[in-house]
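J.: Residue 36 in this note's numbering sits at position 39 of the sequence shown, with consecutive numbering throughout.
Think of the hints as simulated: they come from the structure by calculation, not from any bench. Among the clues, some could well be false.
Below, simulated DSS-like cross-link-like pairs (lysine-lysine); rule was C-alpha separation at most 30 Å, straight line [as the list claims (entries may be wrong)]:
hint	residue 1	residue 2
1	K68	K224
2	K68	K176
3	K224	K176
4	K224	K186
5	K232	K176
6	K186	K176
7	K68	K186
8	K232	K68
9	K232	K186
Across the chosen pairs, the derived CB separations fall in these ranges [claimed, not checked]:
hint	residue 1	residue 2	range
10	S111	K68	40 to 46 Å
11	E82	L212	17 to 23 Å
12	P227	A132	25 to 31 Å
13	Q190	E127	22 to 28 Å
14	E175	T113	42 to 48 Å
15	A89	P227	23 to 29 Å
16	E175	R153	38 to 44 Å
Glycine included, every Cβ here is placed at the ideal spot set by N, Cα and C.
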Amino acid sequence: MNAPTITTAAAALTAAGLACGCTYAALSAQSHLFGEVLIAPRNPNEIALTYDDGPNDIVTERLLDVLARHKVRGTFFLIGRYVRERPQIVRAIAASGHLIGNHSMTHPWLAWQSSTRIREELAGCNALLEDTLGASVRYFRAPHGARRPAVLRIARELGLTPVQWNILPGDWMPITAEKIAARAVRGIKRNQQRNRASNIVLHDGGQAGLGQPRLPTVEATRLLLEKYAPQTGTKFVTIDSWARQN
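With these hints in hand, go ahead and build the complete structure from the sequences.
T.: Here it is, written out as structure tokens:
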């Protein structure tokens, strides 16, 4: 292999490495390469139940009932276009004492969007939430967790703290409540071994539209609440309590 060929091959490998690194930074839930994100502190006895892609008919209301029976507050990252269509559910979430966050207007892969589109997605969802609730919104989760520096910068310019996760049970797939809960439990045990709190992503809705079948998530929530009852020494929290620790 001659020198020009070696140089070309090295350049190609370098480019491939950079591409892989950028993809990891954009999509890995726990990467801080593109900027700091809120995940979970060093408190293995705390669990945050977070729910994406709502509000969603029937499912969100049933979820609120389960959480109320166990006197637990969750964190709900809501899609703006559903907020517009179901403001009464959004108000019910807030009235039940849960924390509400921004999950963009239409759930795109923000890492691949222009800065103008990113700002439209975040600012539009913020405006709808704040008009609906009469209160400011302080937290944001990128759809799919996909971000780049511009996403994090624009979020912070809008007064939003970016939030990721460290447990993803995959409840958007057609799996049972028992499997969802079992995956979450494995993740909690892993985080406890690492002296970390657990930030669990569940879904009460879906990006495809209203009416997504998420009742297994409601049942999985009940199973988790029963397993980690107060007498176990575990505490359920909302993610704003972690932001105050940082």
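J.: Need the status of pair K186, K176: alpha-carbon distance at most 30 Å?
T.: holds, 15 Å
J.: Could you grab the alpha-carbon distance between K232 and K68 and see if it respects the 30 Å cut-off?
T.: holds, 11 Å
J.: Check whether the Cα positions of K68 and K186 lie no farther apart than 30 Å.
T.: Cα-Cα ~23 Å, so holds.
J.: Given the proposed pairing of K224 with K176, does the C-alpha separation stay at or below 30 Å?
T.: Holds. K224 to K176 sits at ~14 Å (cutoff 30 Å).
J.: Range first: 22 to 28 Å. Now tell me if the beta carbons of Q190 and E127 are that far apart.
T.: violated, 40 Å
J.: Hinted pair, alpha-carbon criterion (30 Å max): K68, K176. Please report holds or violated.
T.: With a Cα-Cα distance of about 24 Å, the restraint between K68 and K176 holds, given a limit of 30 Å.
J.: Given the range 17 to 23 Å, decide if the beta-carbon distance of E82 to L212 lies inside it.
T.: holds, 20 Å
J.: Determine whether the Cβ-Cβ distance between A89 and P227 falls within the hinted range of 23 to 29 Å.
T.: Holds, since A89 and P227 (Cβ atoms, about 25 Å apart) stay within the stated range.
J.: Do the beta carbons of P227 and A132 sit within 25 to 31 Å of each other?
T.: Once the Cβ atoms are compared, 29 Å apart, the range 25 to 31 Å for A132 and P227 holds.
J.: Taking the beta carbons of E175 and R153, is their distance inside 38 to 44 Å?
T.: holds, 39 Å
J.: Would the hint linking K232 and K186 be met if the CA-CA limit is 30 Å?
T.: holds, 14 Å
J.: Hint check: K232 vs K176, CA-CA at most 30 Å. Holds or violated?
T.: holds, 22 Å
Consistency with the previously given hints fails for number 13 only.
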